[in-house]
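Student: Two chains, two frames, some hints: make the complex.
So the protein sequences, as listed, match chains A and B. Numbering follows numbering that gives the first Met the number 0, in which position 66 of the first sequence is assigned residue number 65; successive positions increment by one, without gaps. Numbering follows numbering that gives the first Met the number 0, in which position 340 of the second sequence is assigned residue number 339; successive positions increment by one, without gaps.
To be clear, the hints were calculated from the coordinates, so they are not data collected in a lab. Please note: incorrect hints may appear among the correct ones.
Pairs of lysine to aspartate or glutamate residues, derived as DMTMM-like cross-links and limited to a Cα-Cα distance of at most 20 Å, are as follows [unchecked claim]: (1) B:K151 - A:E101; (2) B:K420 - B:D290; (3) B:K151 - A:D100; (4) B:K151 - B:E344; (5) B:K151 - A:D99; (6) B:K151 - B:E291; (7) B:K420 - B:D484; (8) B:K420 - B:D265; (9) B:K151 - B:D229.
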Amino acid sequence: MNLLLVTVIGGLYAIGTYLLLQRSLTRIILGLAVMGHGANLLLLAAGGPAGRPPIVGTGTAESFADPLPQALALTAIVITFGVTSLLLALAYRSWRLRHDDEVEDDVEDRRIARAGAGDE
Amino acid sequence: MRIVLPLLLALPLFGAALSLILHGRLRLQRTVGVVVLTANLMAAILLLVRVSGSGPAVVNVGGWPAPIGITLVADLFAALMLVVAAIMVLGVLVYAIGSPVTQDQKMFFHPMFLVLATGVSGSFLAGDLFNLFVAFEVMLSASYVLLTLGGKAQQVRSGMTYVVISLLASTLFITAVALVYAATGTVNLADLAVRIPQLPAGVRTALGLLFLVVFGIKAAIFPLFFWLPDSYPTSPTPVTAIFAGLLTKVGVYAIIRSQTLLFPSDGPSTLLLSIAGATMLVGVLGAIAQDEIKRILSFHIVSQIGYMILGLGFFTVAGIAGAIFYILHHIVVKTTLFLVDGLIESVTGTGALHRLGGLVHHLPLVAAFFMLPALSLAGLPPFSGFVAKLALVQEGMALQRYVVVGVSLLVSLLTLFSMTKIWAGAFWGAPDEEPASDLPPQIQSRISRSALWSTGALVVVSLAIALTAGEVYELSSRAAAWMIDPAHYIDLVLSE
Numbered sequence: 000m001n002l003l004l005v006t007v008i009g010g011l012y013a014i015g016t017y018l019l020l021q022r023s024l025t026r027i028i029l030g031l032a033v034m035g036h037g038a039n040l041l042l043l044a045a046g047g048p049a050g051r052p053p054i055v056g057t058g059t060a061e062s063f064a065d066p067l068p069q070a071l072a073l074t075a076i077v078i079t080f081g082v083t084s085l086l087l088a089l090a091y092r093s094w095r096l097r098h099d100d101e102v103e104d105d106v107e108d109r110r111i112a113r114a115g116a117g118d119e
Numbered sequence: 000m001r002i003v004l005p006l007l008l009a010l011p012l013f014g015a016a017l018s019l020i021l022h023g024r025l026r027l028q029r030t031v032g033v034v035v036l037t038a039n040l041m042a043a044i045l046l047l048v049r050v051s052g053s054g055p056a057v058v059n060v061g062g063w064p065a066p067i068g069i070t071l072v073a074d075l076f077a078a079l080m081l082v083v084a085a086i087m088v089l090g091v092l093v094y095a096i097g098s099p100v101t102q103d104q105k106m107f108f109h110p111m112f113l114v115l116a117t118g119v120s121g122s123f124l125a126g127d128l129f130n131l132f133v134a135f136e137v138m139l140s141a142s143y144v145l146l147t148l149g150g151k152a153q154q155v156r157s158g159m160t161y162v163v164i165s166l167l168a169s170t171l172f173i174t175a176v177a178l179v180y181a182a183t184g185t186v187n188l189a190d191l192a193v194r195i196p197q198l199p200a201g202v203r204t205a206l207g208l209l210f211l212v213v214f215g216i217k218a219a220i221f222p223l224f225f226w227l228p229d230s231y232p233t234s235p236t237p238v239t240a241i242f243a244g245l246l247t248k249v250g251v252y253a254i255i256r257s258q259t260l261l262f263p264s265d266g267p268s269t270l271l272l273s274i275a276g277a278t279m280l281v282g283v284l285g286a287i288a289q290d291e292i293k294r295i296l297s298f299h300i301v302s303q304i305g306y307m308i309l310g311l312g313f314f315t316v317a318g319i320a321g322a323i324f325y326i327l328h329h330i331v332v333k334t335t336l337f338l339v340d341g342l343i344e345s346v347t348g349t350g351a352l353h354r355l356g357g358l359v360h361h362l363p364l365v366a367a368f369f370m371l372p373a374l375s376l377a378g379l380p381p382f383s384g385f386v387a388k389l390a391l392v393q394e395g396m397a398l399q400r401y402v403v404v405g406v407s408l409l410v411s412l413l414t415l416f417s418m419t420k421i422w423a424g425a426f427w428g429a430p431d432e433e434p435a436s437d438l439p440p441q442i443q444s445r446i447s448r449s450a451l452w453s454t455g456a457l458v459v460v461s462l463a464i465a466l467t468a469g470e471v472y473e474l475s476s477r478a479a480a481w482m483i484d485p486a487h488y489i490d491l492v493l494s495e
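Chain B on its own, in the form it takes in the complex (with noise of 0.2 Å):
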């Protein structure tokens, strides 16, 4: 059982391995991909089924025991991520294939998202933090690569944005881990968890905030995600698609596991709130300005970042568990959200809201695959959204933080707004109106069988996850009372 730990590491950096051997036949390279990544997310499956009936798992690498050594550990919160996360990869990957637009045969597509896989899964076993470190800078490098893929005006801009942004946030990390080392003499989560509350109450402020702000900047937090919006829509859709669903979560997984373990508050914490409260409004608020669909979504993981790091604030069992959810349901509908205007621009060309019209009458599938997650998005019921939304109004209630509720309810409906902007710009319309009649005559030959039903198959997991809210939040409820107690990863790590 196990095995499974360092299987979901090894696995896809072995993919990846065998990709670049396999550089310049497709086909090959295609299959080892799927492959691997299915493999992967049985792998995933496997490990979420013995968390949840047998407790966590944790595998001392090369056999050295705790503080000393390389320690993944798997809590169900981890696993939970690495299931939804598996699904992702795999499902963008399939996109890719099928979809002629995207880079799918530039020379390191293949192995790159692999790496990326690995750097993922890496980041949410991670037991110590150097460790986080390493898998933080795996994945990022692989989505440097991704990003800058092809080499044009536009992406080479905006990467470069991006590069730098991570770059000085992974130098400020290196300087976290080194006062943390210097103040504690460990890395080892479990063992700082055990350490760090025995330091001055100055010292343990500043090195929490100090994380906070490394994190923050890979979360995109408000007022740290200005590069966000500028950086994702220039690349090919399904790297941003991955990049939506899933790096900025890499973040907020570390915040949340960081703050939990490390730096825990005894009651709702104002900071993480009025941060949760700017950024929501901020994100939507900048989200309703664009008209370009790619960067519409790109402003609301922003916004949505926000609910996240809100069910964090409250630090209360119900608050986490929120949190949790939300973030599982907003990785699988941001994902498709994502996909969904890849097909529209694979089909017209554009993603630019005042060039688009009518594109319900021509492809229908293409809109109800848009609508169903947009919905989610902005906390319709009965979509996976709502929950989630419910869950952390009802929380905020009941602590009475009625401002950031109220925030909340607010950023819900401008988020509505906006869904129903690309809605109308996009699918409404007559089908002969202007914009719309520079479309070819057989559109629909241009959508590729893959791509179309890999972004069914999200759809219909997103839906999957609303209606099964009742068993994925009891999960995430378990998962957040696990973490509110840091003595259960001592015990779990240090007894090993």
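The shape of chain A in the complex, shown without the other chains (with noise of 0.2 Å):
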């Protein structure tokens, strides 16, 4: 595993978490499109030292790369593809519906606390 690859990956997770701790929903959903990058990479890492050929041919089994993790990444990258784009559609009708990118509170949450508040 190379320096660089973990640096990258480090900085994925710490950008895609700090994106999705932001209140407005566009930087929510690049926030999970980061973090999932980081995830589809750390995959790839998991599956040892870069810079070795895919299965062409016959040799050794470590004088390939492991085909699995790739595997596995591009499953992932199909799964996130497919959610990401149903967030974009989600986001688009509450844009569509309240004008507005924020993240709401929930109606009841805010009745029950306000009730709260009212006892005192």
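Tutor: So this is what it looks like as structure tokens:
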């Protein structure tokens, strides 16, 4: 595993986490996408050192790159892609309905919090 | 016999494809759904009979041997869960077809419902971590669509929370899979059970905790439960009911599976017991503060998850058997309660307790359908909830974990209080009291027969669990005894 890849993975997770903690939907979605990239790279890194060729011809197991994590990463990319599209559609719908990109508080939560404050 | 395992995945998925093609022809879609899910239920029952008779079954899909290929494993725990899940999806589908205010007519309801059923079966049968991930995603993708079907402002708001939280959990899941693969070089559960004990203790603990967080988000344990009461109540009744019954329990299943197989503990786990106590208490306190029936019930899901984790935390055969029994009981009872709430809402148009009252005079049958599972949820004898709680409390006393046992008894009492609140708010009162008088005179006609009787059938199922408690508990004990020793699982899968 090389240092550059590790730094990139760490950076992607950090940026993703930061964006997730924001209040606007667009940033949250971007954060999830960035974090997903970090996770996919982590899968790739889990497969062993970089630079080995894919399985072509014959040879010892060590001379080829491990195909399994790459297959896992591909599956994960497809799933993340689908769900992110759905999220974008939802965000668009939310914007159409409210003309606002903020994540709203739960209505019922606010009602109960108000009721609790009123008791005192 | 072994054809049944892949069949449990293929049937609903094939049904979903067919249903998608039949788009726009509601009657055919309904027929496909009912036929496929009935066949699914029969396959699950057949599997349970065979597994309890002649031991767990393994299928290597495509003929690739165990650590390399895709493995499907059905032990007794999985088979029990599959049967209960199959009963629930069928019952709720029939309810959805009959209920006028549901989203059954919406474009993608039927295909997505069947995809959801596929994902649930897949999670129970998965023999490796990555397949578990994929099955989770199949289930969750379908649930995102079902939750936001219709696209009302409320649904979009709460659906957003749900999708974001689930997607975050999925990303963490991939991270966990990658780290496990880096540490051990495999994702097959049986192979992992061999290799994880060889890892250094620190790495093992870190991986164990990461999986607990990942599955804990899906299972809504303390302190990762906050998304659940927020997102469940806004969707149409059949959707909420099936989510409440099954989705979190798939998370609990994954926690129990991973903690017993991959990260077994020597004795009672203080971490899990503390989580269990906090989950029970916070959930029930949240429920007491609520006014709307669906929200009260949603908080009770959280509280009940605590009992299941409690059984796992004891880490004994009796404890895990109690947890399994509790899950089986809870899936049925909770789904039924949500369906009853749906019946109430379809008549009165609201689930808010301060606007309801006197329903027992208009809807005596619905009142009875609420009463029985509600008492069972609170754990009153002779219902199934009593048996489940008794098993857990007895085991806690035997292990001298008095604090958490005390908490669980207190929570039972508070659950009873909360159920009484719904009963007093919605059903009791004079028929001509102010809140009830705005009900239309011919209210009975608005509950369709199939919705009413599918709810009734599920009430009967929950009573049947109570009546056959001895047999069901015996099955749970056998499942737990098999699970508590990972060697069984390893032998089974790797010797294929």
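Student: Could you check the structure against the hints above and give me the numbers of any it violates, in ascending order?
Tutor: Going through the list in order, the structure violates hints 7, 8 and respects the others.
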